[in-house]
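Got chain A sorted already, so can you dock chains B and C onto it with the hints?
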Amino acid sequence: MSQNDLTDIHPTALVSPKAVLATGVRVGPFSIIHDNVNIGADTIIESHCELGVKTPLSDGSALKIGAGSKIRSHSIFYEGSSFGEKLITGHRVTVREGTSAGINLQLGTLCDVQGDCRIGDYVRFHSNVHIGRKSIIHDFVWIFPYVVLTNDPTPPSDTLLGCEIGEYAIVATMSVVLPGIKIGRRALVGAHACVGKDVPDNMIAAGVPAKIIGPTSNIKLRDGSGVSAYPWTSHFSRGYPESVVAKWKMDTESDHD
Amino acid sequence: MSQNDLTDIHPTALVSPKAVLATGVRVGPFSIIHDNVNIGADTIIESHCELGVKTPLSDGSALKIGAGSKIRSHSIFYEGSSFGEKLITGHRVTVREGTSAGINLQLGTLCDVQGDCRIGDYVRFHSNVHIGRKSIIHDFVWIFPYVVLTNDPTPPSDTLLGCEIGEYAIVATMSVVLPGIKIGRRALVGAHACVGKDVPDNMIAAGVPAKIIGPTSNIKLRDGSGVSAYPWTSHFSRGYPESVVAKWKMDTESDHD
Amino acid sequence: MSQNDLTDIHPTALVSPKAVLATGVRVGPFSIIHDNVNIGADTIIESHCELGVKTPLSDGSALKIGAGSKIRSHSIFYEGSSFGEKLITGHRVTVREGTSAGINLQLGTLCDVQGDCRIGDYVRFHSNVHIGRKSIIHDFVWIFPYVVLTNDPTPPSDTLLGCEIGEYAIVATMSVVLPGIKIGRRALVGAHACVGKDVPDNMIAAGVPAKIIGPTSNIKLRDGSGVSAYPWTSHFSRGYPESVVAKWKMDTESDHD
Chain A
17 MSQNDLTDIH PTALVSPKAV LATGVRVGPF SIIHDNVNIG ADTIIESHCE
67 LGVKTPLSDG SALKIGAGSK IRSHSIFYEG SSFGEKLITG HRVTVREGTS
117 AGINLQLGTL CDVQGDCRIG DYVRFHSNVH IGRKSIIHDF VWIFPYVVLT
167 NDPTPPSDTL LGCEIGEYAI VATMSVVLPG IKIGRRALVG AHACVGKDVP
217 DNMIAAGVPA KIIGPTSNIK LRDGSGVSAY PWTSHFSRGY PESVVAKWKM
267 DTESDHD
Chain B
17 MSQNDLTDIH PTALVSPKAV LATGVRVGPF SIIHDNVNIG ADTIIESHCE
67 LGVKTPLSDG SALKIGAGSK IRSHSIFYEG SSFGEKLITG HRVTVREGTS
117 AGINLQLGTL CDVQGDCRIG DYVRFHSNVH IGRKSIIHDF VWIFPYVVLT
167 NDPTPPSDTL LGCEIGEYAI VATMSVVLPG IKIGRRALVG AHACVGKDVP
217 DNMIAAGVPA KIIGPTSNIK LRDGSGVSAY PWTSHFSRGY PESVVAKWKM
267 DTESDHD
Chain C
17 MSQNDLTDIH PTALVSPKAV LATGVRVGPF SIIHDNVNIG ADTIIESHCE
67 LGVKTPLSDG SALKIGAGSK IRSHSIFYEG SSFGEKLITG HRVTVREGTS
117 AGINLQLGTL CDVQGDCRIG DYVRFHSNVH IGRKSIIHDF VWIFPYVVLT
167 NDPTPPSDTL LGCEIGEYAI VATMSVVLPG IKIGRRALVG AHACVGKDVP
217 DNMIAAGVPA KIIGPTSNIK LRDGSGVSAY PWTSHFSRGY PESVVAKWKM
267 DTESDHD
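Top to bottom, those sequences are chains A, B and C. Each residue of the first sequence is one higher than the one before, counting from 17 in the numbering used here. Each residue of the second sequence is one higher than the one before, counting from 17 in the numbering used here. Each residue of the third sequence is one higher than the one before, counting from 17 in the numbering used here.
Chain A extracted, bound-state conformation (with noise of 0.2 Å):
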């Protein structure tokens, strides 16, 4: 009952035929593909999920997983999303529509993407982080378990303002970035803060309301080495290729000159 000869499909998931699965490509027990779907190469779907979910908000394009990805069990798609290879999921993640995510992109078990973002490449986000809709995230941004990326300045209402993570910023667990702030590039918000003001590059927010505590450079590595642990980039690259990490050194001489 497989899609074609070169997939792998569990007997007892419902997979459309309308949907597009590359070869390789694995669906777990208790699976659900619906139409529009387009996944790609050697993509593991694990069990208990549901691809493609349909929604009257999208603008028809279909799901798209790239080549190499492992969804994990009981995570939910809607159509109208897309993602480059490599995307690793946890478990019951929900992704709304109209999303586009660079490569490998990792979002932990219970992550919550309400749509209509944009995210670089090599982001992370660790367990249960909630993302609303029109965030802004660039590449290699690292997000906490907890953190809710807000949206409407006075709510409820039709004004919607994303928030906007710079390049390798960190948001740290349990807080809060108000609608429309822009975290800077390799910033750092600490853990449980409320942010409602602009974050600029390599600086640490902290608190609530969140304030300006100093450069990311003044905090150093726990581990005995002296070693300053901002840029993280200078002594952190587990799950990252080698050419990527070539790459940040070129960027983190460039920051220095």
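In case anyone wonders, no lab produced these hints; they're calculated from the structure. Just so it is clear, the structure is predicted and the values come from calculations on it, not from any experiment. From the three backbone atoms N, C-alpha and C, an ideal C-beta is built for every residue, glycine too. A couple of the hints might just be wrong.
[Said to hold, decoys possible] Cross-link-like lysine-lysine pairs, in silico, DSSO-like; alpha carbons within 30 Å at most: (1) A:Lys227 to C:Lys227; (2) A:Lys198 to B:Lys102; (3) C:Lys213 to C:Lys198; (4) B:Lys213 to C:Lys213; (5) A:Lys86 to A:Lys34; (6) A:Lys102 to C:Lys70; (7) B:Lys102 to A:Lys70; (8) C:Lys213 to A:Lys227; (9) B:Lys213 to A:Lys213; (10) C:Lys80 to A:Lys86; (11) C:Lys227 to A:Lys213; (12) A:Lys213 to B:Lys227; (13) C:Lys236 to C:Lys213.
[Claimed, not checked] Rough simulated footprint, nothing fancy, chain A against chain C, three-plus residues with beta-carbon under 8 Å: (14) 156-166; (15) 169-179; (16) 184-197.
Relative to chain A, chains B and C alone:
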């Protein structure tokens, strides 16, 4: 394998013959409907749901879902709760026993309603809202992502003091309402607040711990119009029937008398 | 189609013949039990679960679930973790590899235990608690909704400093415990706190950032009795066996010596 000729039950769904499904009810793949369930006409139950979970904490009454409702995939409802017509849920909501809600409740993805709550008409919960047992939520309330309504003033204990949220009130993202607190009619709790004192009608509470920072009428829309953002019913009507919007106009005028 | 004559496996469940299920185990519809799983007698696995998810991060040991446990629907457990008897979960919990827990752990709906944790006996997590890797949680701890125990002091990095929560301690709703922090025995973290310094035994920490605001003995029950709310074991015993409650009485007396 339909419950009767006028329902549409997916062949993989498991529907108890004791469950009562009105005309036009649809049940999606891999969903389970237990015995003690009563579903109104034309309601859609999507895939991977479980309705009517048995519990010794219930009074034995059925789970009642009003006509014209839509329960999105992976949602779980216990027996012994009751919902008016046009209930709309996101994915993966969990609703325990003993709750009654009016018409057109909207529950966002991942909402967790702990049971024994009273919920009015046209209430909206965004994603991942946690409603503690014995909460009372009046008509037209909005609650935003990651808000928790608590109930135990000295955890853990056997004293449960539910919160009460007044008509048209708004609780913004990531706020906690402490046990027994009352949020006034048309009041606004800002994002990331911890509310330990009652909030009067039409006032704003913000911060940790939350303080009253002025009337909601101080806040203008951010669309350049210069119009007051509150009462929100003066400019926002998406998703409400015309009869309700007409009633709002009268209410607002009487508020200004 | 049961694993053996003394188990009760729903015909739609997918149970590996390599999994070890003791007498009286029940497995609900649409659930998946992978190879490397060992389930104790009389345990109930509800619907839509996935147990024994394979991971290269595990040491190869089985997922062990103690006798008399109940795992509610839509829950996911990885291989390589071990739970004592009478584990009780809510719905949609996620538990990664490398964690060991004592008897009668209760995990609320949506809890996310990241793995490599040590959890004592009779620990209670309410809904949507996030336990970072390498956390250590002692006997009789209570953790309330939307609490996050973190572990990375300079995110992202390769340094993981787990939190440690002392016996009988309580962490209230929406609080964050920062990496490497120790919460003392019978200490209390108030709601919506961000804890960046160790909390001594029997003390209350509250606020962002959290400060020590006094001993827990200052807090009275809100039931009109005038009785101290802490130690909570002096008045609350719901859900614990008599032998445990008897032991508490002795512990409390020795605390007062």
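We went through each hint and held it up to the structure:
1. A:Lys227 to C:Lys227: holds, 19 Å
2. A:Lys198 to B:Lys102: With Cα atoms ~38 Å apart, A:Lys198 and B:Lys102 exceed 30 Å; violated.
3. C:Lys213 to C:Lys198: holds, 8 Å
4. B:Lys213 to C:Lys213: holds, 27 Å
5. A:Lys86 to A:Lys34: It holds: about 21 Å lies between the C-alpha atoms, which stays within 30 Å.
6. A:Lys102 to C:Lys70: holds, 19 Å
7. B:Lys102 to A:Lys70: Status holds; Cα separation ~19 Å.
8. C:Lys213 to A:Lys227: Judged against 30 Å, a Cα distance of about 20 Å means the pair holds.
9. B:Lys213 to A:Lys213: Between B:Lys213 and A:Lys213 the Cα gap is close to 27 Å, so the pair holds against 30 Å.
10. C:Lys80 to A:Lys86: With a Cα-Cα distance of about 26 Å, the restraint between C:Lys80 and A:Lys86 holds, given a limit of 30 Å.
11. C:Lys227 to A:Lys213: holds, 25 Å
12. A:Lys213 to B:Lys227: Given pair A:Lys213, B:Lys227 holds - Cα atoms ~20 Å apart, limit 30 Å.
13. C:Lys236 to C:Lys213: holds, 25 Å
14. 156-166: holds (count 3)
15. 169-179: Holds: 8 residues of the segment 169-179 of chain C have a Cβ under 8 Å from chain A.
16. 184-197: holds (count 5)
The earlier numbered hint that this structure contradicts is number 2, and it is the only one.
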